[in-house]
Structure formats: structure tokens, C-alpha cells
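*Asks:* Protein sequence lines, in the order shown, are assigned to chains A and B.
Every position in the first sequence, counted from 1, becomes a number in our numbering once 2 is added.
Every position in the second sequence, counted from 1, becomes a number in our numbering once 899 is added.
Since the hints were made in silico from the structure, they are not lab data.
For every residue, glycine included, the Cβ atom is placed at its ideal position computed from N, Cα and C.
Mixed in with the good hints, there may be bad ones.
As the list claims (entries may be wrong) - FRET-style restraints, in silico, Cβ to Cβ:
| hint | chain 1 | residue 1 | chain 2 | residue 2 | range |
| --- | --- | --- | --- | --- | --- |
| 1 | A | PRO42 | B | ASN1191 | 48 to 54 Å |
| 2 | A | PRO101 | B | ASP1292 | 47 to 53 Å |
| 3 | A | ILE11 | B | ARG1193 | 36 to 42 Å |
| 4 | B | ASP1160 | A | PRO42 | 46 to 52 Å |
| 5 | A | LEU30 | B | GLY1214 | 24 to 30 Å |
| 6 | A | ALA75 | B | TRP1184 | 45 to 51 Å |
| 7 | A | GLN116 | B | ARG1195 | 39 to 45 Å |
| 8 | B | ARG1195 | A | LEU30 | 36 to 42 Å |
| 9 | B | LEU1194 | A | ILE11 | 23 to 29 Å |
Letter by letter, the chains look like this.
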Amino acid sequence: MLIGTIFAIFFLCLLSQLLEGSALVTILVFNMLSIILTFPLKGPLWCKIAWLGMGNLIGIVWNLVRLSLIMAATGIKTEPLSLVNFILGPVTDFIWLVPVWSLGLSVLSSLEHQGRR
Amino acid sequence: MMLNIVFIFVVMIMLAYLIRHYIFTIVALYYHHGQSYHTHQNMVHQPTVSVLIPAHDEERVIGRILQRMTELTYPKDKLQIIVIDDASTDRTSEITDKIAEKHESMKVVHRYHDGGKGKSAALNEGLKYATGEIIYCFDADYYPQHDILEKLTAHFTDSQVGAVQGRVTVLNEPSNLVTRLVALERIGGYRVDQKARDDLQLIPQFGGTVGGFRSHLINSLGGWDPNMLAEDTDLTFRVYLSGHKVRYVNEAECYEEAVEDWRSYWHQRCRWAKGHMQCAFKHLWPLMRSKNLRLREKVDGFLLLNVYFVPILVGLAWLFGAMIFFTQSSLWATLCWGPLSIAVYSATGNFAPFFEVGIGAYLDQRKEACRLIPLLFLVFLYNMVICMKAFLDLCISKASGNNRQRWVKTCHNGGDITWEMRKG
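Full structure from sequences and hints, please.
*Replies:* Printed below as a string of C-alpha cells:
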């Protein structure tokens, strides 16, 4: 967990230059969950660190795409679009967390299973 | 102002469920205290036991469980099997009679004229014939481990234990997507949720099957309540209110046949939701006032009783948030929106949230099952509709004074057990 925490802090320091607001919060949540829920599991350390990095990368890409779409919608300046963003925004902010985490878990489990064989 | 207060209140409740789920997940990861099922001085506790198996039109599966009952390792002189043939119209009667003829410890009770009134009534009928000190019940489509009774019974050495509950694993998981998702729910619900509640000495729930009671306790409580759709939840709280407790035994595994299509899923979950809500209305106030429960049990009991209202709360919170957006700008709304999102996203998945399910799947070494976890979000949306419908049905039946519940039987196919046994 200590190694995971060090890497997570490293990624967060790096990403705080690129992102802010809700995007950074989602990355923070992902890193915290990875440290608490993934790093204590059995499995190769390199896999955990790789998925932590991959998750952070996917988070950046996801948020950049999402923010681009919001900026495009804001340019149109319509109330319904703002409402949709307000209502669905938090869901779309977080929606990438679980798929990335669960895929990482699946890979970790496979490698751990192979290692035991 | 009122809208803000209601919105904040709903968000606080969601956060309570969020914290509860994460606590359970962390306990599953870090708490490794094993559950011993041997008594002090390593003696094994083996009182007389009666097993009740209610069956209504179960010709496809009844033979399998009865055969399994004859293979149990519990001493045959201390074991009584009672099959309640509840007004079956297929070959259930014929099959049960044929098997019972060959086994002295097996008895069949036929309810031709007053049967068909649901599982609770059937179990109460079986209870009249039970002579064991411990009463167990298994559904007809289940397939228990051969030593399940030893593992469950050992916990009755604690005089405070009034009931025990074993683990349910899905037998027909590879059938289709529905069964795979149900299997994931079961992993989260039993391997993580129930186990954590037992480890933390909260309220593990009796699940209606793969569980048992002290005979004198179940009789003093008046048996199963036929007016409750979720008679298992009702009994759980009645056990706790009487000053006893329920123990969850993770090592005592039993295999079940999960529903295989979304329509059956709808009916089953609708019944669970409605029954659970009935229990919430019945037990919430007595739970809060009870002197037999500790504070942590009351808090967990409160959250457990209201768990089927969560999807409705989610919908309401989202609606309130949108209303606040349109009618007024509010710092509270903005501040609460974030935690609500985290709470909702983390607390979904039919009440066994994603991370509980994931950790449970990992601990069970189910690497491929992990990939289906994101689909549970869609299952949650489906459950949101189910819970809303169940709540409306309940309100309508209460308002009209019509408490008669319609029992929609879950169909079973009698799947292949070899897949599950091979997985071991």
C-alpha cells in the first residue's frame, strides 16, 4: 500500500497541472480506491502500478473528451443542454471508474492465478 | 429552502449507505478471523435436526435435493427430513413419495386441500411434524454441501444464537447474462455483505433458505408469518427483537438455481422489494425502541430495512437537484451534488455495490466475473423501476385494505450440477 500511495501521489501531482475541479476529484477517488482496494490484494506489484497508471491515463482522456463536449455545448448556449450537463455530469464524471477498476481486478486475478500455477 | 433541506437529507442517507458499503468491503479485505465451527474442547455439537423442504410443482428439481439429503454426513439417527408437497399439480407428489419410501428419516406431508397459499404456510405445516431441536429449511431447487448441517449447527453452542444462515452460490451461472449477473450479486451479497455484518456483529440476515432456527424459538415466535412476502426478513428481525441473534456461516455453501430471464427477475425482485418494505413498516419502530439491540445493531437494522427504498431515494434526489437548478441557485445543491454522485455510483448494483462485488469476486478467485461488474449499473436502473413499482403496489394495497399477496412462483429447470462442483 505504501508503494501504491507513493505512485498515486506522483500521478496526482502530475495531473493537477492538467486538470482541475471535478475531473481532479474523480482521479483522486480512483487513486484512493486503488490504494485501499487493489494494492492489498495478492498479485504482481508491477500489474497494480501499471493499472494505476493506466487508470489515471484513461481518467485524463475521459475528462478531456467530456470537457470538450461541454465546451462545445456551452458554445451553443441552450438551457436544456445546461440542465442535462448538470444532471448527468456527475454520473459521466465517475462512470469510467468502475469499468477500469474491475478490468484491472480481472487482469490482476488472472496473473495471480497463473503465478500460483 | 425546504427543497434544499430535503435534498441535503437525502444525500446524507445516501452517504450513510456509501460508508456502510465501504466498511463492509474493507472488512472483507482486511479482517481474516476465521469462523470455527467446532465447540470448545474440539467437540462437535450435533443435536437432533429437522429439515423442511417446501415444494410446489417442483418435479424438475425435487428429486435432486432429496437424493442429496440422503447423502448428507449428519448422523442419520439425528436427522429428520420433512417434504411439504404444497398442492402440486405435476409429478412432485409421485417423486417425493417414491424417494421417501426408501428412507425412514424422510416424511412427506401432502397439502391437497388447504395448500397453495405460499411458502410460509407450507413451512408452518411442516413445523407441526418437526421433532428436531434445530429446524432447517431449504428450497426445493437447492443443492447443499454434504456437511452443511455440521457447519451450521455448530454455531448453536452459543446460547444467544437463535438462527443461522449459510452461503448461497449460483448453480447455473454459465447459462446466460442474467444468471451471470445474479451470480455477481450473490457474491457481493454473501461473501462480502453478510460476512462483514457477521464479523462486525451487526445483523446478518436469514435468507429464507439454507438456514435454521432453534425449535423452541421458532415455535415461540409463531413460525413464519404468511402475510409477509419477505418472511425471511421478518423472521430475522423477530429473532433479534426476542433477544437472540443470527449468525452467518460463509463456509456452509449451498447451490441455487438463479432466474434465467429478465421477466422472472422482475417478479422475484418485486416480491423481495415489496416484502422488505412491508418489514420496514412493521419493524422500524420496534427496532428503534428495543432494549435487546445495541446501537450498532439498530443503525445496521435501520439501513437494512430501508435498503429497498434506496433506488427511489436516488431518483428523488436527482429530481430535487434538477428542481433546485431550475428554481434557485444554491451553494448546498452544488456542494451536495458531488457526494450524491459518488454515493449513488458507489452504492448501486442491487445493494451489493460495485466494489463489494469486485472484492468478493476477487476473493472467490472469479477473474472472468469481474469483467461483468460495470453491467450491474444497468441492473441497478432496472431495480430502480422494480422498487418504485413495488412501493406503489404496497401503497395501493394499504390504501385499499387489500393485503392479499399474489404468489408468483419462480420456475426451476433442474440444471446440471457438475459445472459448480467442478469449479469446487
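*Asks:* Can you name, in rising order, the numbers of the hints this structure does not satisfy?
*Replies:* Result: hints 1, 2, 4, 8, 9 break, sorted rising.
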